[in-house]
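Novice: Sequence:
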Amino acid sequence: MPVYRMAAHKGTLWAGTFRGIFKYQSSAEEWEFVASEAAIQDIEVTAVDAYGDEVWFAAPSGVMMLNTQSNKWKSYPQIAQEITPPYKYLEVNNAAVWIATPDGLLKLDRRRGYWRLFTTRDGLLDNRCHQLMLDGDYIWIVTDTGITQFYWNNPARFD
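Numbering of the sequence shown is given in my numbering, commencing with residue 1 and proceeding in unit increments.
Be aware that one or more of the hints could be misleading.
[As the list claims (entries may be wrong)] Straight-line distance between alpha carbons at most 30 Å, and here's what the computed DSBU-like set of lysine-lysine pairs gives: (1) 10 / 88; (2) 88 / 23; (3) 72 / 10; (4) 23 / 74; (5) 10 / 74; (6) 23 / 72; (7) 88 / 74; (8) 88 / 72; (9) 23 / 10.
Hints listed in this document are in silico derivations from the structure and should not be mistaken for laboratory results.
Taking the hints into account, I'd like the entire structure generated from these sequences.
Specialist: Okay, structure coming up:
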């Protein structure tokens, strides 16, 4: 079974696969299918990342988050209606959730609950984003044209 992305989180390995979400806990020494309670289909999960008590997932039908403390799910199905899937990569920190998409770099401002799409108009080399890496106030973005270093925490920009 193809595994698209993995994320380690508090002793659990989370995997986004062709057949949904799976987790591996070394204490049980086995993989377990995780049926989400999100309001989107999770048949194919293409990206995973973890931060704090949260594990974030992306699927062709949107983005979802599992709070591992409360076991509650949050869904963002509207993303798939506005931004073309697949969502290839997720990066999460205390300020934002970042998603690599074919249309650009998608950001969720966690404090305001506001989504913003960054494109070549904002300084990306190409809108087709494939991989992300957070580096302090910067995010590195792998695109079809090359790698962009994007100053995401620029105080002069209003998102």
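Novice: Decide, hint by hint, whether the structure agrees.
Specialist: Hints, one by one, checked against the model:
no. : hint    : in the structure
1   : 10 / 88 : holds, 23 Å
2   : 88 / 23 : holds, 19 Å
3   : 72 / 10 : holds, 17 Å
4   : 23 / 74 : holds, 18 Å
5   : 10 / 74 : holds, 20 Å
6   : 23 / 72 : holds, 16 Å
7   : 88 / 74 : holds, 19 Å
8   : 88 / 72 : holds, 24 Å
9   : 23 / 10 : holds, 12 Å
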